[in-house]
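Trainee: The residues making up each chain are set out below.
Protein chains: 2
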Amino acid sequence: MAEEINRRIVLAARPVGAPRESDFRLEQVPRPEAEIGQMVCRTIWLSLDPYMRGRMSDAPSYAPSVALGAVMVGGTVGQVVESRLSGYAAGDYVLGHGGWQEYWTSDGRGVRKLDPTAAPLSTALGVLGMPGMTAFVGLRVIGQPKPGETLVVAAASGAVGSVVGQIAKQSGCRAVGIAGGPEKCRHVVEALGFDACVDHRAGNFAQALRDACPKGIDIYFENVGGKVFETVFPLLNPFARIPVCGLIAHYNATTPPPGPDTLPRVMRAVLTKRLTFRGFLVFDFKELEPEFLTEVGAWVRDGRVRYREDIVEGLENAPGGLIGLLEGRNFGSRP
Amino acid sequence: MAEEINRRIVLAARPVGAPRESDFRLEQVPRPEAEIGQMVCRTIWLSLDPYMRGRMSDAPSYAPSVALGAVMVGGTVGQVVESRLSGYAAGDYVLGHGGWQEYWTSDGRGVRKLDPTAAPLSTALGVLGMPGMTAFVGLRVIGQPKPGETLVVAAASGAVGSVVGQIAKQSGCRAVGIAGGPEKCRHVVEALGFDACVDHRAGNFAQALRDACPKGIDIYFENVGGKVFETVFPLLNPFARIPVCGLIAHYNATTPPPGPDTLPRVMRAVLTKRLTFRGFLVFDFKELEPEFLTEVGAWVRDGRVRYREDIVEGLENAPGGLIGLLEGRNFGSRP
Numbered sequence: 001m002a003e004e005i006n007r008r009i010v011l012a013a014r015p016v017g018a019p020r021e022s023d024f025r026l027e028q029v030p031r032p033e034a035e036i037g038q039m040v041c042r043t044i045w046l047s048l049d050p051y052m053r054g055r056m057s058d059a060p061s062y063a064p065s066v067a068l069g070a071v072m073v074g075g076t077v078g079q080v081v082e083s084r085l086s087g088y089a090a091g092d093y094v095l096g097h098g099g100w101q102e103y104w105t106s107d108g109r110g111v112r113k114l115d116p117t118a119a120p121l122s123t124a125l126g127v128l129g130m131p132g133m134t135a136f137v138g139l140r141v142i143g144q145p146k147p148g149e150t151l152v153v154a155a156a157s158g159a160v161g162s163v164v165g166q167i168a169k170q171s172g173c174r175a176v177g178i179a180g181g182p183e184k185c186r187h188v189v190e191a192l193g194f195d196a197c198v199d200h201r202a203g204n205f206a207q208a209l210r211d212a213c214p215k216g217i218d219i220y221f222e223n224v225g226g227k228v229f230e231t232v233f234p235l236l237n238p239f240a241r242i243p244v245c246g247l248i249a250h251y252n253a254t255t256p257p258p259g260p261d262t263l264p265r266v267m268r269a270v271l272t273k274r275l276t277f278r279g280f281l282v283f284d285f286k287e288l289e290p291e292f293l294t295e296v297g298a299w300v301r302d303g304r305v306r307y308r309e310d311i312v313e314g315l316e317n318a319p320g321g322l323i324g325l326l327e328g329r330n331f332g333s334r335p
Numbered sequence: 001m002a003e004e005i006n007r008r009i010v011l012a013a014r015p016v017g018a019p020r021e022s023d024f025r026l027e028q029v030p031r032p033e034a035e036i037g038q039m040v041c042r043t044i045w046l047s048l049d050p051y052m053r054g055r056m057s058d059a060p061s062y063a064p065s066v067a068l069g070a071v072m073v074g075g076t077v078g079q080v081v082e083s084r085l086s087g088y089a090a091g092d093y094v095l096g097h098g099g100w101q102e103y104w105t106s107d108g109r110g111v112r113k114l115d116p117t118a119a120p121l122s123t124a125l126g127v128l129g130m131p132g133m134t135a136f137v138g139l140r141v142i143g144q145p146k147p148g149e150t151l152v153v154a155a156a157s158g159a160v161g162s163v164v165g166q167i168a169k170q171s172g173c174r175a176v177g178i179a180g181g182p183e184k185c186r187h188v189v190e191a192l193g194f195d196a197c198v199d200h201r202a203g204n205f206a207q208a209l210r211d212a213c214p215k216g217i218d219i220y221f222e223n224v225g226g227k228v229f230e231t232v233f234p235l236l237n238p239f240a241r242i243p244v245c246g247l248i249a250h251y252n253a254t255t256p257p258p259g260p261d262t263l264p265r266v267m268r269a270v271l272t273k274r275l276t277f278r279g280f281l282v283f284d285f286k287e288l289e290p291e292f293l294t295e296v297g298a299w300v301r302d303g304r305v306r307y308r309e310d311i312v313e314g315l316e317n318a319p320g321g322l323i324g325l326l327e328g329r330n331f332g333s334r335p
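Protein chains in written order, with my numbering: chain A, 1 to 335; chain B, 1 to 335.
Source of the hints: derived by calculation from the structure; they are not laboratory data.
Keep in mind that a hint or two might mislead.
Just so you know, same-sequence chains aren't split out, so a pair can sit in one copy or run between any two.
Computed list of lysine to aspartate or glutamate pairs in EDC-like fashion (alpha-carbon distance at most 16 angstroms, straight line) [said to hold, decoys possible]:
(1) 227 <-> 261
(2) 169 <-> 295
(3) 146 <-> 302
(4) 227 <-> 327
(5) 273 <-> 284
(6) 169 <-> 195
Take the sequences, apply the hints, and build the full model.
Mentor: What follows is the structure, given as structure tokens:
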């Protein structure tokens, strides 16, 4: 058994600005074996997500950085190949945090079993996994959508944004997406059922967003920041809620942007429009997981919530997949 | 009766930057008489508050501007001098919005009677009025103080700030004030019972605030903005709540401040620290008034919440009182 190889990708260098292929290194090491109380899982699916950019830096954040030389972190769907852990047997499917490698050990903490007949295994990393739950939590806890309100979400074709808009539709909202390019926008409206989707790369972006939100914006699900936020900002209605779950436009920034300082203008609107900005991490709301799996699981099964996965074949292509994701070249975040 | 004079102060010009005496004009007109369904009240106390600066501008805000030539708005305690309104009789004391004038008419809307034996009449404009309720609502709805947490409030000797810190103490928090000058700081600690008060005019402000908040800041009650916010910002703990009820440092600003743009840094902290910024206006929470009057009224009567009123004698001195308030020269906001 020990002659088996574990291929893994480690952080070779901390990126300055956008990550490059040379910031990653593919290594081959012996496949781990299970000690008592452990199991070994073989990775079937690895999730690539924007938050991974943050883990590559050593700036203080909500989670520790990946050490130089350590395996990149990431959610994984795996199959147990060897178990010395009670409750798990070879052949079981599990969701865990194996990271960017072919084999990983686990003592069962933070792992849950998956039923491969209930939903495709890959959905445990997407619409029924962390991205879908991020959408669910942000709306349930902060966004609080009400019938007749207008919700806007950027990266609307992505793993989180696509679920945000579809849940908002279930709550009776007008769902307006923002995405990059006509192909993504078409997908968001035609396949996902958003009421409208605006191309932030088009020259008329601001006007098109205004036109798509004739009654202003009540919920802006913030996952990008930057120019999109600036365009959304003047359209926010009194009492608008802004769940902040990501700022992908800023992740690669190396210096503060030049002036003028726009913070006072935003704070003034927070006051006069009684806005709520609230950051959240899905990990802080574990207690909502059963409700999420029940509600969104049912919507996925009956087709009310649809999803699309971007698949990159081969572990060696994961760095390119993440780089592309951060540049907006992917549809979703499932390699 | 009609020969009686009503002295009133009208908005003569829209200020550019800080208001000046010449932006106001004292007028004398005949005293109004009550029509059927009205009463006439004589002003006993007029409240001067920072929000009045906003009403002098014609920039869009949560409330309409005062028109040029119109009487300046403001909360007032009055005594009924003539009533053709059922439920009110000459001699009754009332809280209303008479504005900057000696006599005002009312049809009873937005007015409530005051019991002069329950608490000093002036408190209806301060600790038991809009400023006190602003403190109560901001903490109850957004701040949600928990025992052992640290609360920071600026303008801590002011009408709102002084109540914020004292309510937080009742909730078991460490209350840290920020005020301008050693005299105010001494008052905040010695008379109001805050755990500490830091002088934002002193050279060691940032270090002194850090020292006063050894466990960071869980609630920052925002009523000033500007330099104070910048100093508070790095001390905010994960899950900190920032009720935003005023931005007095910005009210006189005429141009956006120069760069760099600090918004991305703040948004990044909103995300990574899961901060909540929420603007609120006390008028949106009328339903909490009975609870406020009961709870804070009891604390005022038994001395657990103390207050100090700055009194300016004479309507003709109201403009100077407001100008001084905006410059931080007053303790509170009761002229």
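Trainee: Next step is simple, just say for each hint if it's right about the structure.
Mentor: How the hints compare with the structure:
1. Taking CA atoms no more than 16 angstroms apart as the test, residue 227 paired with residue 261 passes in both settings, with 14 angstroms inside one copy and 13 angstroms between copies.
2. Taking the shortest alpha-carbon separations for residue 169 and residue 295, only the intra-copy value of 14 angstroms comes in at or below 16 angstroms, while the best inter-copy value is 42 angstroms.
3. Proximity of residue 146 and residue 302 under a CA criterion of 16 angstroms is satisfied in neither setting, with 23 angstroms inside one chain copy and 43 angstroms between copies.
4. Proximity of residue 227 to residue 327 under the C-alpha cut-off of 16 angstroms is restricted to the intra-copy arrangement: shortest distance 15 angstroms within a copy versus 36 angstroms between copies.
5. For the homomeric pair residue 273 and residue 284, the shortest alpha-carbon distance between copies (11 angstroms) is at most 16 angstroms, but the shortest distance inside one copy (28 angstroms) is not.
6. For a Cα distance limit of 16 angstroms, the shortest separation of residue 169 from residue 195 inside one copy, 9 angstroms, qualifies, whereas the shortest one across copies, 49 angstroms, does not.
In this structure, only the earlier hint numbered 3 is contradicted, and the remaining ones agree with it.
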